[in-house]
Amino acid sequence: MSGEAASGALAGHGAEAAQAAGKAAEQAPGLMDHLPALVVLVPFLAAPLVVLLGARRLAWPVTFAAALFSLAAALALLSQVLGGAAISYHIGGWAPPLGIEYRIDAANAFVMVIVSAIAVAILPYARASIAAEIPARQHVLFHALFLLALAGLLGVSATGDAFNLFVFLEISSLSTYVLVAMGAYRDKRALTTAFNYLLMGTTGATFFVIGIGFLYMSTGTLNMADLAQLIAQQPGNRTIHAGFAFILVGMGLKVAMYPLHLWLPGAYSYAPSAVSAFLAATATKVAVYVMLRFLFSVFGPAYPFEASALGLVVLPLALLAMFAASFIAIFQVNFKKMLAYSSIAQVGYMLLGIAMLSQTALSGAIVHLFNHAITKATLFMVIGAYVLRAGGAFYRDIEGIGRVMPLTSAAGVIGGLSLIGVPGTAGFVSKWLLVQGALEKGWWWLALLVVASSLLAVVYVWKGIEVAYLRSPRDDVDRREAPLAMLVPIWVMAIATIWFGLSAEWTVGAARTAAEALMHGASEIVISGGVGR
Amino acid sequence: MQQGVSWEYLVGHANYWLFVLLMMTGLYIVVARGNFVKKVIGLNMFQSAVIMLYISMGKVAGGTAPIFPIHGEIDPATVYTNPLPHVLMLTAIVVGIATTSLALALIVRIREEYGTIEEQGIWEAEQEIAARERRQYGEVFGEGSQ
Chain A
1 MSGEAASGAL AGHGAEAAQA AGKAAEQAPG LMDHLPALVV LVPFLAAPLV VLLGARRLAW
61 PVTFAAALFS LAAALALLSQ VLGGAAISYH IGGWAPPLGI EYRIDAANAF VMVIVSAIAV
121 AILPYARASI AAEIPARQHV LFHALFLLAL AGLLGVSATG DAFNLFVFLE ISSLSTYVLV
181 AMGAYRDKRA LTTAFNYLLM GTTGATFFVI GIGFLYMSTG TLNMADLAQL IAQQPGNRTI
241 HAGFAFILVG MGLKVAMYPL HLWLPGAYSY APSAVSAFLA ATATKVAVYV MLRFLFSVFG
301 PAYPFEASAL GLVVLPLALL AMFAASFIAI FQVNFKKMLA YSSIAQVGYM LLGIAMLSQT
361 ALSGAIVHLF NHAITKATLF MVIGAYVLRA GGAFYRDIEG IGRVMPLTSA AGVIGGLSLI
421 GVPGTAGFVS KWLLVQGALE KGWWWLALLV VASSLLAVVY VWKGIEVAYL RSPRDDVDRR
481 EAPLAMLVPI WVMAIATIWF GLSAEWTVGA ARTAAEALMH GASEIVISGG VGR
Chain B
1 MQQGVSWEYL VGHANYWLFV LLMMTGLYIV VARGNFVKKV IGLNMFQSAV IMLYISMGKV
61 AGGTAPIFPI HGEIDPATVY TNPLPHVLML TAIVVGIATT SLALALIVRI REEYGTIEEQ
121 GIWEAEQEIA ARERRQYGEV FGEGSQ
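Chains as they are written, first to last, in the numbering used here: chain A, 1 to 533; chain B, 1 to 146.
Some hints could be false.
As the list claims (entries may be wrong) - SDA-like, lysine to any residue: derived pairs with alpha carbons at most 20 Å apart:
| id | chain 1 | residue 1 | chain 2 | residue 2 |
| --- | --- | --- | --- | --- |
| 1 | A | LYS337 | B | GLU133 |
| 2 | A | LYS188 | B | ARG132 |
| 3 | A | LYS188 | B | GLU118 |
| 4 | A | LYS337 | A | SER218 |
| 5 | A | LYS337 | B | ALA61 |
| 6 | A | LYS337 | B | TRP123 |
| 7 | A | LYS188 | B | TYR137 |
| 8 | A | LYS441 | B | GLU133 |
| 9 | A | LYS188 | B | TYR114 |
| 10 | A | LYS188 | B | ALA131 |
| 11 | A | LYS188 | B | GLU119 |
| 12 | B | LYS59 | A | LYS337 |
| 13 | A | LYS188 | B | LYS59 |
| 14 | A | LYS188 | B | ALA130 |
| 15 | A | LYS188 | B | GLN136 |
No lab work stands behind these hints, which were simulated from the structure alone.
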C-alpha cells in the first residue's frame, strides 16, 4: 500500500504534488521521503516533456515550474540536514553499498540550493535575453537543455555513488556544450569554443572515471561513504594514490584550476548571456563541490598523500590563478571576457580555502561558492542587458552606459564591489573568512596575498566603472533601460549580494555545518526511500 | 609491494599495458592532431581505453560468465567474474556515443561557418577576428593595448 502511495507521489508533481504532500505526510513513505530523488527527477523528466509538448509558449512555464520545484525541495532538504544529520536515500530500495545511494548532508544541500536558486532567478531573465540572442525555433530546445543541465548539476550534488556522479557530470556537461554553442548566432567562435570545451571536459571526465576505476580496483566499492572507510584502511596503496591524482586532475579541468582553465574564457564570453550567467554561477561551483567531497569525505584530510598534494600543487596554483587571471582580466577590451578571467581568479580563492585544510578556511571556500555565485550571476546578467541594448559587450559599446541604463549599471557596480570584497557586500564575508583561516595557521603572508590580489580586482572593476560612468554615451545606442523582466532578476541578485554581505549568519552558519559534515561526517544518518520494499 | 619486474608480471598485466598504450595514444592524438575529426577519433580511443581498464579489473581468475543457471541452483564452487564493471562500461559507452555525436555535429557546424575543420585555418580566422576587434574596440583606454 505504502509503495503505491509513493509511486503516486512520484508520478504527480506540480500542483497535485502539494496536495499529495499534505496527504502523504502521515503515511510513510510520503513525498517528503522521496525529495532527494525528486529534486533531480523533476527537472530531468521535465526536459523531454518540454520537447514533446513542442510549443514555445509552454516551454518556459514548464521549465520554470520544474526549477521552482527543485528549489523548494532543495530548501526543504537543507532545513532537514542543517542540524548535522544526513539523509540516505536508497534508489529503488537497493541498500548501499550495492545499490545507488543519494546522500544529502549540509554540504550538498547547500550546493543544491545555490544551483536551483540561480536557475529560478535566471529563467525569467533568460526569457527576454534569449529572445534577442537565439532564433525562435531553438527556444524549446534551449529550455530542454537548460533543464538537463540543471538536473545534471543537481544529480552530481545529490548522489553518494562515485560512478553515478560521473554520469550526472556528463549529463550536465553535454547539455552545457550545446548551450555554449548556441551563442553561434551572435558570434561563430562559440562553435569552436564549445568544441574545445567538449574535448577538455570529456578528457577531464575520463580522467575522473580512470581515478574511480583505480579506487574500485583496490576497494571493490563505488559508494562514497564505503570508499572513505576502505581507503582509510590502506594509506600506502599506490593504486589509490594514482586514483587520487587522476580524480584531482580530472576535476581540476572541470573546476578550471589555473593551468587547466583554457576552456573557460571562451565558453563564458561567446555563450548566450543567460547561459554565461547560469554557467558562471553554477557549473564550476558544482565541480568545486565534487572536489571538496572527494578531498574531504572520501579521502579525508588525514589521508597522507593529500596534505602534500594540496600544499604543493593546489595552493601554488590557486595563488597563481588569483594573480595571473586577475592580471589578464585587466587587459581585456571585452567586459564579458574580463569577467570570465575574473571567474578563474575567484575559483582560485575557493581552491585556496580548500588547500589550507582547516575548518575556517573550508567554510570560507564554501561561503565563497555561494557569494561568488550570486555576484557573478548579477554581473553576467547586467552584461546580458547591455548586450541587448548596446549590441555588444566591448568597452567601446558600453561607454557612458551608466547614464543610459542607470538601474542596470547600479546593480553592476554592486556586483563589482562584491567581486573586490568591499565590506557590506557578500564578497567581503568570504574573503574575510579566508584571511581568518590563513591567520589561524599563522600564514600571514597568505593573508597579505589575498588582500593584494583583491587590489587587482579593484583595477579591473574600476575600468568597467570608468567606461560606464565617466564617458559620454555613444549616439547610436538604444537609450532605454533594460526590460523589467531582466531588471527584476538582476536586482534580486544584487540585493542578495548586499543582504548576504550584511547579515552573514545564515550563509556562514550553513557553510560551517557543511564544512563540519565534509570533514567529520554527519552526526546521524536518516534512511529514506526504498520504493521497492 | 616491489616484487621486481619478472616476465610473468609483464605478461600477466598485458591488458593493462595495452590500456596504458591506448590511453596515451588517444590523448596524444587529441592534443597533437590539427584535424577536428581526428581529435574526436583520439578522444574515442581514450575513452575505449577506459573501457578496457574496467573490463580487465572485473575479470576473476578462472571465473566464468556471470549468468546464473536457468534452474536456479547455484553451485557454490563456481567462480563468476564480476559483472559490475561491465554494467558501468555500458553506461560509459552511452556517454561516449553521446559525446561523439555531439562533437561530430559541432564539427559540421564549424565547417559551415569557417569552411575548414583544420585547427590551423580556424586559428588564423579567429586571430583575424580578434585583430579586427582590437582595431575597432582596443583604443578605449588611451593609446590602446595592441
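Worksheet item: Between A/LYS188 and B/LYS59, does the CA-CA distance stay at or below 20 Å?
Response: Between A/LYS188 and B/LYS59 the Cα gap is close to 48 Å, so the pair fails against 20 Å, i.e. violated.
Worksheet item: Within 20 Å, alpha carbon to alpha carbon, are A/LYS337 and A/SER218?
Response: Answer violated: A/LYS337 to A/SER218 is near 43 Å, above 20 Å.
Worksheet entry | Satisfaction of hint between B/GLU118 and A/LYS188, Cα-Cα up to 20 Å | 16 Å, holds
Discussion item. For a C-alpha distance cap of 20 Å, please report whether A/LYS337 and B/TRP123 respect it.
Written reply: Satisfied, since the Cα-Cα distance of roughly 18 Å is no more than 20 Å.
Worksheet item: Given the hinted pair A/LYS188 and B/GLU119, is their alpha-carbon gap at most 20 Å?
Response: 15 Å, holds
Item to complete: Assess, step by step, whether the Cα of A/LYS188 is no farther than 20 Å from the Cα of B/ARG132, and give holds or violated.
Response: Roughly 15 Å separates the two Cα atoms, so the pair holds.
Discussion item. Please verify whether B/LYS59 and A/LYS337 have alpha carbons no more than 20 Å apart.
Written reply: 49 Å, violated
Worksheet entry | Given hint B/ALA61 paired with A/LYS337 - CA-CA distance at most 20 Å | 55 Å, violated
Fill in: Pairwise hint evaluation, B/TYR114 against A/LYS188, where the allowed Cα distance is 20 Å at most
Roughly 8 Å separates the two Cα atoms, so the pair holds.
Fill in: Straight-line alpha-carbon gap A/LYS188 to B/ALA130, limit 20 Å
12 Å, holds
Worksheet item: CA of A/LYS188 to CA of B/ALA131, is that 20 Å or under?
Response: 16 Å, holds
Worksheet item: Are the Cα positions of A/LYS441 and B/GLU133 separated by 20 Å at most?
Response: 47 Å, violated
Violated hints for the displayed structure, listed by number in ascending order: 4, 5, 8, 12, 13.
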